[in-house]
Amino acid sequence: MNVILMGLTKHFPSKNKRSKEVVVAVDDLSFEIPDGQLVGLLGPSGCGKTTTLNLISGLEKPTAGSIFFGKDDVTTVPPEMRGVGLVFQNYALYPHMTVLQNILFPLENLKGDKKLSKEEMLKRAHDAADLVQITELLERKPAELSGGQQQRAAIARALVKMPKILLLDEPLSNLDARLRLQTREELRRIQRETGITTVFVTHDQEEAMSISDMIVVMKDGSLNQKGRPQEVYDDPVNLFVAKFLGNPPINVFRGEVRNEKLFIGQEAVMDAPLYPNGPVTVGIRPEGFVPNDGGRFTCGLVGVEVMGRDTSVVCSHPEFEGASIRAIVSSENNVDASKKTVVFDLKPNKVFLFDVDTGRRLRPGRGSR
Amino acid sequence: MKKSGLKAWLYLLPSLIFLGFFMVYPLVDVLVYSLEEGYNSASQTFSGVGLYNYAYVLRDPYFLQAVKNTFILVIITVPVSTGLALLISLGLSSIGKLRELFRTIYFLPYVTNTLAVGLVFMILFKKTPYTDGMVNMLIGLFGGKSVDFIEGPYWAKMFVLCFYTVWIVLPFKILILTSALASVNKDYYSAARVDGASGFRIFARITVPMISPMLFYLIITGFIGAFKAYSDSVALFGTNLNAAGMNTIVGYIYDMLYGDSGGYPSYASAAALILFAIVFTITVINLFISRKKVNA
Chain A
1 MNVILMGLTK HFPSKNKRSK EVVVAVDDLS FEIPDGQLVG LLGPSGCGKT TTLNLISGLE
61 KPTAGSIFFG KDDVTTVPPE MRGVGLVFQN YALYPHMTVL QNILFPLENL KGDKKLSKEE
121 MLKRAHDAAD LVQITELLER KPAELSGGQQ QRAAIARALV KMPKILLLDE PLSNLDARLR
181 LQTREELRRI QRETGITTVF VTHDQEEAMS ISDMIVVMKD GSLNQKGRPQ EVYDDPVNLF
241 VAKFLGNPPI NVFRGEVRNE KLFIGQEAVM DAPLYPNGPV TVGIRPEGFV PNDGGRFTCG
301 LVGVEVMGRD TSVVCSHPEF EGASIRAIVS SENNVDASKK TVVFDLKPNK VFLFDVDTGR
361 RLRPGRGSR
Chain B
1001 MKKSGLKAWL YLLPSLIFLG FFMVYPLVDV LVYSLEEGYN SASQTFSGVG LYNYAYVLRD
1061 PYFLQAVKNT FILVIITVPV STGLALLISL GLSSIGKLRE LFRTIYFLPY VTNTLAVGLV
1121 FMILFKKTPY TDGMVNMLIG LFGGKSVDFI EGPYWAKMFV LCFYTVWIVL PFKILILTSA
1181 LASVNKDYYS AARVDGASGF RIFARITVPM ISPMLFYLII TGFIGAFKAY SDSVALFGTN
1241 LNAAGMNTIV GYIYDMLYGD SGGYPSYASA AALILFAIVF TITVINLFIS RKKVNA
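Chain order of the listed sequences is A and B.
Here the first sequence stands for residues 1 to 369, numbered as in this note's numbering.
Here the second sequence stands for residues 1001 to 1296, numbered as in this note's numbering.
Next comes chain B alone, as it looks inside the complex (with noise of 0.2 Å):
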């Protein structure tokens, strides 16, 4: 017994040693920089420890815009891409005809490179002395105002990141979804409507629940992902994302690493912790509802 159970430690070993040195070690360097005070990354000195670091962050305009900007980005983006991936999904798993095509097709985007898309969203909707853009030609000719997307209020800017973040995340959740309910027992649908159920009630009463878990799964790896975001906001808006407004959490932090206003390490991991903050509370509660929710 003794024995077995050292050979699995020994399995284990190699990845513990790793995960340790790439993980567990970064992740502690990174709490203690983000309490030195007036750390310098070029003399390896700092002036003191305490929690300015973290003061100084949450009082930093820039941090709160990123915030928000993440939220809002997180609580649109989230809801709106399972909703209109369970739809697409029960949509190909629907009809007979050409399923792989158009399961291909909504597969196109995920082989896509980001930046590639981000370029294609600049076509659409970028403002230029030439062109305002096929999206503003398109409300021109509804009768609309033409609205500048990239540099213009923040209404719109936060629109495209949305717009943009939901049609790059989409094609996993329905390749997740299309698969889920293919796995669904068609008996369950046939007994629903022998039992009388309409269409919506089976939805909502045999399908939905059928397949909670794989929604809870790609609710929580939304939230997850799209706390993380930053090269959707850098893809339409280029790298100076405090002054486009446009900033994320991440990008925050990358940018007290490295960008023009960088080389502040202790400022960085005091935002990496407070998003590592956020995103673990959000996932708890996620956890802690689909406990109660979900049929596994």
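Excised from the complex, chain A in its bound form (with noise of 0.2 Å):
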């Protein structure tokens, strides 16, 4: 089932009683969620990501706007009929019932025409189980469990009742570093295996990255820019999502246009055909250099780290906003650490222009000013 947000704004009172201003957690959202994709909520806390997911499971109400869940309205809708699967944070498992009890109480909410028999319950809680791999640890209490268990037991009693979308809140955030990356690939699996619509809300732009479908990059409450992982990568729209997806991050400088020609100190380091003439922020990627004495880019050389395949260059440059750049050159290019500089040419695809003020990304020949 898809989800569409339509103009979602969510405000909070203020925390201070005495003023009337209100905290605004969301701002006139608008966006589709597709179909059984895997969707990832991104941006750094307070963005106002968990407050869309509250507000996609019904725990939250708008302030304005709508949330249509294919052609149903569910705006007004309460969270228990919604029929969603949320899995909390901290997971919320009932501490007092046993994995089976906290699988099957959703099972035991059904009324009516929906009500199922005991037989019936316990086959779906022990498929759901079966499809997490806790079926051995069903006769246990939470507090039994270790952080992994118990992300997979909220996941089951979040399925159990095969919930039309599947909503997570920063899911892997309380597990260890390896537990992690496993878990990542759990969820893409699960999420493949029942095609649920699922959103899950994470600030790790990796993990977003690594398992979604789409990614939701959003700043402040709206929405900064949606798309497969890739395209949001290779083509942001704003230095502000720049910045927030890839790992090292994206190198900032402060540049200049003249004549079509991009300048980095006095150095004119690519061509900028097209572009008008003025002041730019320049982000480069980290794989955007390519070490190259008869390169037109010369920074000075801090270090060398080599890491087997890859070879992390870190240098320094006058005009870097920041502490140290990070380069990412294949291990076959040799840098020569003994030197006091290094030159590079730069890939065009891998470099992007902003403007100063606004911090959005400037296109060749048609620049915001």
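Just so you know, not all the hints are guaranteed correct.
Which residues of chain B face chain A? A partial, calculated answer using Cβ under 10 Å [stated by the list, open to error]:
hint, residue
1, Tyr1188
2, Ala1192
3, Val1194
These aren't lab readings, by the way, just hints derived from the structure by calculation.
All values reported here derive from a predicted model rather than from experimental measurement.
A virtual CB, placed ideally from N, CA and C, is assigned to each residue, including glycine.
Hints in hand, dock the two standalone chains.
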């Protein structure tokens, strides 16, 4: 089932009771989540992504805007009637019930013609447990499970009532690094097997990029960009999205376009055809640097970190905004660590120009000024 | 290792001495008194050793009345006060505005003196030659017959006593339960709502189990407190409780020691030990049940 958000807005009253100001958690958010896809809601903490999830689940009522599940307007439908499965960041497994009782709980709440017999309930619960591979843990209490197992139990509880939409709030943040990688794949597998439209919230771009069919990048309650992870990475609409995606992060320089050439400092580092003249913010992906002694972009060399397949070249430049430039180059390119400087050529498709004030992406021929 | 054990005992010593002097020794003494027949506190003499004191107390109609009163009080007030406290706490947790104000109002009886509350209850319930009291005025308004709650029939007096006891113990229970409710992570409620649970099911399957340790604490201490009730009865019916037929076990013990018919420490001791046995048994049963039911 696809989910459509239209002009979704959520205001919270200010924490300070005396001030009349409101906190805008979600601001005029509109996008569509296609049927059967795994969508990552991505953004820094406080960007409104969890609020968006709660709005989809019905736990929060929007201040304005509407939500559609398929053709049905569910904006005013209470959470228990929406048929969504929700996995909480802390899992929220009921501590006084066993895993099996936890998984059965949503089924026991079904009423009317949806009511199931005891046998059916047990069968569904076991199917859900099999899917997340916790069959042997069903008689345990949540406190007797590891973080990863609790996570699976919570997913089983969310899936057992066969929801139309599965929502996960920071599903991996409470797991250690190794388990996170493993669970990430697991999540992908479960989503593929069930084909349930799934939305998950994360602040970890790697997590979102690695398993999502589509990512939605949010900042300050509004949508910045959405699309397939690679598309968004390769074609960010603004400096925020460019900075937020990618690890190591994009390198940002102060630069200027003069006569269709991009200058960083005194060097014309790249041709910039059809760009208007004027100062720009330059973002260069770490993989956009190609060491070449005859190149055009000279940086101070700080160090070389060999990582097997790749080499990370740490550089400095007076026009760089930040601590140190990090370039990822293939190990076949020998960078002489004893030298004081390193010279690069830049891959044009890895270099993005942004408006200095608004951070908006500048594109050839139709500058924003 | 041995040295640190010694140190621990040393730290415990002051309280052990204190407890020994003021708890264990008197308790043993009470046991001794209760077995000494014909004990005279003035001459410190007794005629024999045996269970006669227990036999006397258990046959004393005043004691049997006190036991009956106490049990009725316990059986009515503990469930009623705990249930009411739970309802009020749920209400207090769900209202947004004025919550602090209502909390304070509900807590006021706790900081009010028992005897002062008793006085207020007298005004509400007592019949005098000049007025029938507020409650009787209300009953009259609805066309009922006026009842003498303080000196009238037994059920009326028992009603007032239970009403009064519930009123007195309610604030503490509300205080405990509101904080217990506040400590439940809201995510459980959200999860249950998304799981399609109705309000009542959330209450029965999530809320109550989550606060069950506190509920059982209140039930156990409620039982103990109600079994030891005395001052409530005095506040309402005066000191001659045997005459009013509203004595409690602790009241009986007090009367045996200091009352108009007092001066019988042996009977008092026997009654005290019977009370101890009752409270002990009930508490053990309570703990046994709570082991099975409570989710700590």
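Outcome of the hint check:
1. The criterion of a C-beta within 10 Å of any C-beta in chain A is met by Tyr1188/B, whose closest approach is roughly 6 Å, and the hint holds.
2. Because the closest C-beta pair between Ala1192/B and chain A is about 8 Å apart, less than 10 Å, the hint holds.
3. For the restraint placing Val1194/B at the interface with chain A, the shortest Cβ-Cβ distance is roughly 4 Å, inside the 10 Å limit, so the hint holds.
Going down the numbered hints, you'll see the structure goes against none, and every one checks out.
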